[in-house]
Amino acid sequence: MYFDSLSAALSMDGHGPYVWSAYAICLVVVALILLAPRRRRRNILRRLSAEQKRQQHGQISGNEGK
Amino acid sequence: MSAVAQAPGPARFCLVLLRRQLTLAVRRPIEIGNPLLFFAMVVALFPLGLGPAPDQLAGFAPGILWIIALLSNLLTSDTVFRSDFEDGSLEQLLLAPQPLFLSVLAYIGAHWLLTGLLLALVSPVFALMLNLSAPAVGVLVASLLLGTAVLSLVGGIGAALTVGLKRGGMLISLLILPFYMPVLIFGSAAVRNAVLGIPATPYLAIIAAMLCLAIALAPLAIAAGLRISVDA
Amino acid sequence: MWSFFHKLGSPPWLYRIAGTILRWLLPVTIVALCVGVTWGLLYTAPDFRQGNSYRIIYIHVPAAAVALAGYYVMAIAGAVSLIWKMKMADVAMKSCAPIGAALTFIALVTGSIWGKPTWGTWWVWDARITSMLILLFLYLGVVALYEAYDNKEAAGKACAVLTLVGMVNIPIIYKSVDWWYSLHQPASIKMTGDTTIDPSMLYPLLLMIASFYALFTCCLLMNMRAEILEREARTGWVKKLALGYRS
Numbered sequence: 001m002y003f004d005s006l007s008a009a010l011s012m013d014g015h016g017p018y019v020w021s022a023y024a025i026c027l028v029v030v031a032l033i034l035l036a037p038r039r040r041r042r043n044i045l046r047r048l049s050a051e052q053k054r055q056q057h058g059q060i061s062g063n064e065g066k
Numbered sequence: 067m068s069a070v071a072q073a074p075g076p077a078r079f080c081l082v083l084l085r086r087q088l089t090l091a092v093r094r095p096i097e098i099g100n101p102l103l104f105f106a107m108v109v110a111l112f113p114l115g116l117g118p119a120p121d122q123l124a125g126f127a128p129g130i131l132w133i134i135a136l137l138s139n140l141l142t143s144d145t146v147f148r149s150d151f152e153d154g155s156l157e158q159l160l161l162a163p164q165p166l167f168l169s170v171l172a173y174i175g176a177h178w179l180l181t182g183l184l185l186a187l188v189s190p191v192f193a194l195m196l197n198l199s200a201p202a203v204g205v206l207v208a209s210l211l212l213g214t215a216v217l218s219l220v221g222g223i224g225a226a227l228t229v230g231l232k233r234g235g236m237l238i239s240l241l242i243l244p245f246y247m248p249v250l251i252f253g254s255a256a257v258r259n260a261v262l263g264i265p266a267t268p269y270l271a272i273i274a275a276m277l278c279l280a281i282a283l284a285p286l287a288i289a290a291g292l293r294i295s296v297d298a
Numbered sequence: 299m300w301s302f303f304h305k306l307g308s309p310p311w312l313y314r315i316a317g318t319i320l321r322w323l324l325p326v327t328i329v330a331l332c333v334g335v336t337w338g339l340l341y342t343a344p345d346f347r348q349g350n351s352y353r354i355i356y357i358h359v360p361a362a363a364v365a366l367a368g369y370y371v372m373a374i375a376g377a378v379s380l381i382w383k384m385k386m387a388d389v390a391m392k393s394c395a396p397i398g399a400a401l402t403f404i405a406l407v408t409g410s411i412w413g414k415p416t417w418g419t420w421w422v423w424d425a426r427i428t429s430m431l432i433l434l435f436l437y438l439g440v441v442a443l444y445e446a447y448d449n450k451e452a453a454g455k456a457c458a459v460l461t462l463v464g465m466v467n468i469p470i471i472y473k474s475v476d477w478w479y480s481l482h483q484p485a486s487i488k489m490t491g492d493t494t495i496d497p498s499m500l501y502p503l504l505l506m507i508a509s510f511y512a513l514f515t516c517c518l519l520m521n522m523r524a525e526i527l528e529r530e531a532r533t534g535w536v537k538k539l540a541l542g543y544r545s
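Residue numbers (the working numbering), protein chains in the order written: chain C, 1 to 66; chain H, 67 to 298; chain V, 299 to 545.
The shape of chain C in the complex, shown without the other chains (with noise of 0.2 Å):
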């Protein structure tokens, strides 16, 4: 490793705060773009299971009801 300790690269002669937050701010982002999609496909799927059992029940109340 380029840096002698954790604090010599945290500190990265005065650059530090600069290039971290750079990186953080790009860590966010991407794990936005990640993770976005993954949780609106859960929410699709999980919206048209509810859907699906309220038709079943539906179903079978109506039947029950002839």
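Treat the hints loosely; a few may be bogus.
[Said to hold, decoys possible] Pulled a few chain V residues facing chain H out of the computed Cβ check, cut under 8 Å:
(1) Tyr-341
(2) Leu-406
(3) Ser-410
(4) Lys-414
(5) Thr-416
[Claimed, not checked] Here are the simulated distance ranges between beta carbons:
(6) Leu-32(C) with Pro-268(H): 43 to 49 Å
(7) Phe-104(H) with Ala-8(C): 55 to 61 Å
(8) Ile-381(V) with Gln-122(H): 48 to 54 Å
(9) Ala-508(V) with His-57(C): 49 to 55 Å
(10) Arg-148(H) with Leu-32(C): 35 to 41 Å
Rather than coming from a laboratory, the hints here were simulated on the basis of the structure. In this text, all values refer to a predicted model and were calculated from it rather than measured experimentally. Beta carbons are placed, not taken as given, at the ideal position from N, Cα and C, and that holds for glycine.
Fit chains H and V to the known structure of chain C by using the hints.
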């Protein structure tokens, strides 16, 4: 003998459309005056915001005048197709046998004659108010004449894509401002160089080249946009 | 050959194939990103002139490169959807836009942060940064136009037209801004200094660029899967998929 009238050829149709647009516009002179009034008022805003010092104003004058012309053009581009869309004449135009390319050019041509041309002719007055030096005024008018034509064509693309939308509003500005930027860069550069006494013909030539490209390609995009909007 | 294109247009096939690709591409991408970041951040020597702040290059340049490439992917997808009326190409185009916007945002922010220790200011109107800013506007314009249309089929077509117009304009915009900037700043500092880059610095950069391309592909495929599910929600195969889905 056949009593069916011959459909007018494309060129003739184009001229007829152009005349129609101009006639319609002339019936509402206030709407022609609006962009010019906007231009005048915003010209006043800059000294109010930046301070009345004559040299400072003169230094920024090329950019200021060009930006205001750009914004005035932006404001009016939304209306190019809107009224015809709303009363159904646009749909009829799409069904007409004449090629849409030339018909679209007629609309844009009318728009330019009513906004860009007038803006260019009126600009010397405002140039004076901002202390633009005399030799540059001619270049200003020339650059505006060519540049606003490009702006009208590009604005037409945005108008065609958004004419069917209910909540259009600011959207057209978001869409076409990036495409306005090269025209602004070279237009204001032309005037700035004229102020310094350097010949501005290369910059005017570049704007003219953009105009040729725009005349060739923009109507295709506008026609596609109109079809999408009307069919939506 | 033809049957391949035919299959490409089939939503369930595309959904499945995307899922298969993602199963290995996603872990590979994440590992590559971690390795690249650690390498660039901690295991390379600092730049002679810029010191440690040059390390931002390992995220700035890949983000910028993929953001620009992504626009062309979007444009090609749009063209395919317009010309051959492939709905899946439409899905691809729509899915590219937010990812491209996010990557452009990363490029702009990291570029700005890099500029502060290097040139002393948070923002410099240099040709590349200004062009990146305009690219962000182009991406956001596509997103805004898609959302504004109620009829999603028309939305796709309108965005395709807008993207193609943008593609024609990008070289013009870049050249204009480049020329404009050279007028005002003759001694422009090249942001990447890549003419004389040392191999020890080059390899992690190449790894990061490749990882970002992989990242773009992963996000694109994930977005497309979600979009396909939403559009095909009423069909049999989606209903079967959703049957008994436990979150």
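- [ ] Against chain H, run the beta carbon of Tyr-341(V) and see if the smallest gap drops under 8 Å.
- [x] 40 Å, violated
Task: Interface hint outcome for Lys-414(V) [beta carbon to chain H under 8 Å] - done: This hint is violated: Lys-414(V) lies away from chain H, its Cβ roughly 26 Å from the closest one there, beyond 8 Å.
- [ ] Take the C-beta atom of Ala-508(V) and the C-beta atom of His-57(C), compute their distance, and say whether it sits inside 49 to 55 Å.
- [x] About 51 Å separates the Cβ atoms of Ala-508(V) and His-57(C), which means 49 to 55 Å holds.
Task: C-beta pair Leu-32(C), Pro-268(H): status relative to the range 43 to 49 Å that was hinted - done: 46 Å, holds
TODO: Report holds or violated for the interface hint on Leu-406(V), using the least CB-CB distance to chain H and a cut-off of 8 Å.
DONE: 15 Å, violated
Open item on the list: Just to be sure I understand the hint, the distance between the Cβ atoms of Phe-104(H) and Ala-8(C) should be within 55 to 61 Å; is that true here?
Closed with: 59 Å, holds
Open item on the list: Next item in the hint list is Thr-416(V). Is there a CB on chain H closer than 8 Å to its CB?
Closed with: Violated: closest Cβ of chain H sits about 26 Å from Thr-416(V), beyond 8 Å.
Task: C-beta pair Ile-381(V), Gln-122(H): status relative to the range 48 to 54 Å that was hinted - done: 53 Å, holds
- [ ] Using the beta carbons of Arg-148(H) and Leu-32(C), state whether their distance is inside 35 to 41 Å or not.
- [x] 38 Å, holds
Task: Satisfaction of the Ser-410(V) interface hint, Cβ to chain H closer than 8 Å - done: 19 Å, violated
Hint check: violations occur at hints 1, 2, 3, 4 and 5; the rest are consistent with the structure.
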